[in-house]
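Undergrad: All chains, please: the whole structure from these sequences, using the hints.
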Amino acid sequence: MIEVEVRLFGNLREKAPGSGEPSLLTLPEGATVDDLLNHLEIPRQLSKLIFVNGVRSDTSTRLKQGDRVGIFPPVAGG
Amino acid sequence: MDKILRVNMSDGSVKVEEVPEKYQLLGGRALTSSIVCDEVVPTCHPLGPYNKLVLAPGMVTGTSAPSSGRLSVGGKSPLTGGIKEANAGGIPGQKLARLGYKAVIIEGQPERGKLFLLKISTGGAELVPADDLAGKGMYEINKTLWERYGEGTGIIGIGPAGEMMMRNAGISCNDPENGPGRYAGRGGLGAVMGSKGLKAIVVDDTGAAGVPVANKELFDQGRKKLAKALTTHDVTSKTLPSYGTAALINVMNEAGGLPTRNFSSGRFEGADKISGETIAEVTTSRGGKMGHPCHPGCIIKCSNIINKADGSYHVAPLEYESDWALGANCGIDNLDDIAELNRLCNDIGLDTIEAGCTLAVAMEAGLAEFGDSKKAIELLKEVGKGSPLGRILGNGTAFTAAAFGVTRCPTVKEQAMPAYEPRAVKGIGVTYATSTMGADHTSGYTIAPEILNVGGDVDPADPNKAELARAFQATTMFIDSAGYCLFIAFAILDIAEGFEGMVESVNGVLGTNWTTDDVTKLGLTWLKKERLFNEAAGLTAQDDRMPEFMKYESLPPHDTKWDVDDRVLDAVHSYTVEE
Numbered sequence: 000m001i002e003v004e005v006r007l008f009g010n011l012r013e014k015a016p017g018s019g020e021p022s023l024l025t026l027p028e029g030a031t032v033d034d035l036l037n038h039l040e041i042p043r044q045l046s047k048l049i050f051v052n053g054v055r056s057d058t059s060t061r062l063k064q065g066d067r068v069g070i071f072p073p074v075a076g077g
Numbered sequence: 000m001d002k003i004l005r006v007n008m009s010d011g012s013v014k015v016e017e018v019p020e021k022y023q024l025l026g027g028r029a030l031t032s033s034i035v036c037d038e039v040v041p042t043c044h045p046l047g048p049y050n051k052l053v054l055a056p057g058m059v060t061g062t063s064a065p066s067s068g069r070l071s072v073g074g075k076s077p078l079t080g081g082i083k084e085a086n087a088g089g090i091p092g093q094k095l096a097r098l099g100y101k102a103v104i105i106e107g108q109p110e111r112g113k114l115f116l117l118k119i120s121t122g123g124a125e126l127v128p129a130d131d132l133a134g135k136g137m138y139e140i141n142k143t144l145w146e147r148y149g150e151g152t153g154i155i156g157i158g159p160a161g162e163m164m165m166r167n168a169g170i171s172c173n174d175p176e177n178g179p180g181r182y183a184g185r186g187g188l189g190a191v192m193g194s195k196g197l198k199a200i201v202v203d204d205t206g207a208a209g210v211p212v213a214n215k216e217l218f219d220q221g222r223k224k225l226a227k228a229l230t231t232h233d234v235t236s237k238t239l240p241s242y243g244t245a246a247l248i249n250v251m252n253e254a255g256g257l258p259t260r261n262f263s264s265g266r267f268e269g270a271d272k273i274s275g276e277t278i279a280e281v282t283t284s285r286g287g288k289m290g291h292p293c294h295p296g297c298i299i300k301c302s303n304i305i306n307k308a309d310g311s312y313h314v315a316p317l318e319y320e321s322d323w324a325l326g327a328n329c330g331i332d333n334l335d336d337i338a339e340l341n342r343l344c345n346d347i348g349l350d351t352i353e354a355g356c357t358l359a360v361a362m363e364a365g366l367a368e369f370g371d372s373k374k375a376i377e378l379l380k381e382v383g384k385g386s387p388l389g390r391i392l393g394n395g396t397a398f399t400a401a402a403f404g405v406t407r408c409p410t411v412k413e414q415a416m417p418a419y420e421p422r423a424v425k426g427i428g429v430t431y432a433t434s435t436m437g438a439d440h441t442s443g444y445t446i447a448p449e450i451l452n453v454g455g456d457v458d459p460a461d462p463n464k465a466e467l468a469r470a471f472q473a474t475t476m477f478i479d480s481a482g483y484c485l486f487i488a489f490a491i492l493d494i495a496e497g498f499e500g501m502v503e504s505v506n507g508v509l510g511t512n513w514t515t516d517d518v519t520k521l522g523l524t525w526l527k528k529e530r531l532f533n534e535a536a537g538l539t540a541q542d543d544r545m546p547e548f549m550k551y552e553s554l555p556p557h558d559t560k561w562d563v564d565d566r567v568l569d570a571v572h573s574y575t576v577e578e
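Protein chains in written order, with numbering that gives the first Met the number 0: chain A, 0 to 77; chain B, 0 to 578.
Treat the hints with care, as some may be off.
[What the hints assert, rightly or not] Within a straight-line C-alpha distance of at most 20 Å, the following computed DMTMM-like cross-link-like pairs (lysine to aspartate or glutamate) qualify: (1) B:K520 - B:E466; (2) B:K237 - B:D203; (3) B:K272 - A:E40; (4) A:K14 - B:E280; (5) B:K380 - B:D335; (6) A:K47 - A:E28; (7) B:K21 - B:D517; (8) B:K527 - B:D517; (9) B:K215 - B:D1; (10) A:K47 - A:E4; (11) B:K374 - B:E339; (12) B:K223 - B:E466; (13) B:K237 - A:E13; (14) A:K14 - B:D271; (15) B:K237 - B:E176; (16) B:K288 - B:D336; (17) A:K14 - A:E40; (18) B:K300 - B:D371; (19) A:K14 - B:D233; (20) B:K215 - B:E466; (21) B:K288 - B:E268; (22) B:K272 - B:D371; (23) B:K373 - B:D335; (24) B:K272 - A:E20; (25) A:K47 - B:D233; (26) A:K47 - B:D456; (27) B:K135 - B:E339; (28) B:K272 - A:E13; (29) B:K527 - B:E496; (30) A:K47 - B:D458.
To be clear, the hints were calculated from the coordinates, so they are not data collected in a lab.
These numbers were taken from a predicted model, which means no experiment stands behind them.
TA: So this is what it looks like as structure tokens:
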């Protein structure tokens, strides 16, 4: 098993108890971002931006022990 | 729009002129920059009698086109030494347009120490002595002028920083509640206004005829297509009104590109405390407002009204750049103190990006500890007082870095960088380096495809971004000239029909037949003029460079340096335009 640090932002926060705080999730070895989204029950159209350790990633990205994952709905600003 | 107002501050004359043919199809930035290129000696002292301040509403500003209330302000910048255009929302731009003014040109210089106010209405324009307004902050100015000239009038003004001709002085435009938070902030144009002895411009459009539209059917078709894109796209219809622009704090932090403690890290441990999500939560719980429009007719509504803990008004808006500059970049995570710093900037008349970067450099110099928000507030108050220290800080980041021997100085052409770390996001660095304006994210917002997956999807680490930066700078030039808020780009870069709608709405107003392909062509033509002004002012390719420290200091968390080849930077403006 691996443990990853997950942060949900924008309206995805409703899916994470303890809003604003990263949650530690345990996933099977070899799990991908896609598995993580399934686990959290996040629809794909709401997970527009996914960062793994600060790098833009997609659903096929394989996760490792200790990874930092950030998931955002569509966002912009400036 | 059929006239230009020319105000000579040397002899006090106010003249209405016909619009020359060469300016008839221009507006906003294309017009301010064209007039500056035609009338301002590039080598002039920016605060002397030969510089001019030019104000121009965009091509469709004042019409019913959505989110189109921008006012462009131009001149030679006392900060960069090159051409400057800064644009703002708020209510004065639409009013100026409806009164039929395509541009207002302020020239000459009165006797030192004299202060005036320019009043513009359907009855004409006049200069009124305004010595009684000397030294007043923008909150008091706006309040006094609404009492004097009526609620709802548009007010363009400068705070004490502009009067003291500081290089970080901006020009305020009032919002619908008369707050002074909508700034043509960047590049020190407030100092140019101050050098003209002009404290404020009051714009009353009661009884105005409105903006003539050449082809109403086409205009309506275009504005509807654009409105549909804005109300359909998730960013412009959901994220921006719900969380404001500060929704980006967490995004840039996760991407490792949120400049922290004077550009020494790309991550801030206090990011979530100052994020858009937290701002929305706090604002709602205190009876403030998210989804606030900065001018009537804005359907994006990214602005907000921030209240204090006791529920009373504090500042509007608190947006991403200000939140970052006065927050993360100073190591400050106290939202109320950030709001207070922002309020002080609005009152004194300062650009928040430049002010935040200046404070961070001052912290690096040891004037305060990073994170000491109370001391930061004290330092900013010195600027308003005009003390010797305040005058150093009020002249901006590069001036302060020079005064205190700080080499980590995040500026290009002496203008401070906005809230995106170029070592983590290379394309925005290419924009910073090559913009005619100095370090300026709004002149070519490559963050959209590099980080946000809007308008494309490119790798932020790829250093070959010349074409991307050029394309964004050209398109932005067109949007800035049309008078649309730059944020329409988020929708129209993804929704082709919205892009067509923007062009059709402009064609409808002007009677032109421009196509979507012409947007880039026209943008490049107008950009070229700005480049030529800068060359004539003495700026060279060596000014299109990043600060040296970014080439030898690695930025955590990605531990990357600025590694973009100078040839990429020089390629951005290697193009020819049709005359």
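Undergrad: For each hint, tell me whether it holds in the structure or not.
TA: Now the hints, each set against the structure:
no. : hint            : in the structure
1   : B:K520 - B:E466 : holds, 14 Å
2   : B:K237 - B:D203 : violated, 34 Å
3   : B:K272 - A:E40  : violated, 26 Å
4   : A:K14 - B:E280  : holds, 16 Å
5   : B:K380 - B:D335 : holds, 16 Å
6   : A:K47 - A:E28   : violated, 25 Å
7   : B:K21 - B:D517  : holds, 18 Å
8   : B:K527 - B:D517 : holds, 15 Å
9   : B:K215 - B:D1   : holds, 18 Å
10  : A:K47 - A:E4    : holds, 19 Å
11  : B:K374 - B:E339 : holds, 12 Å
12  : B:K223 - B:E466 : violated, 31 Å
13  : B:K237 - A:E13  : holds, 15 Å
14  : A:K14 - B:D271  : holds, 17 Å
15  : B:K237 - B:E176 : violated, 23 Å
16  : B:K288 - B:D336 : holds, 19 Å
17  : A:K14 - A:E40   : holds, 8 Å
18  : B:K300 - B:D371 : violated, 32 Å
19  : A:K14 - B:D233  : holds, 19 Å
20  : B:K215 - B:E466 : violated, 36 Å
21  : B:K288 - B:E268 : violated, 27 Å
22  : B:K272 - B:D371 : holds, 15 Å
23  : B:K373 - B:D335 : holds, 11 Å
24  : B:K272 - A:E20  : holds, 11 Å
25  : A:K47 - B:D233  : holds, 10 Å
26  : A:K47 - B:D456  : holds, 12 Å
27  : B:K135 - B:E339 : holds, 18 Å
28  : B:K272 - A:E13  : holds, 17 Å
29  : B:K527 - B:E496 : violated, 28 Å
30  : A:K47 - B:D458  : holds, 16 Å
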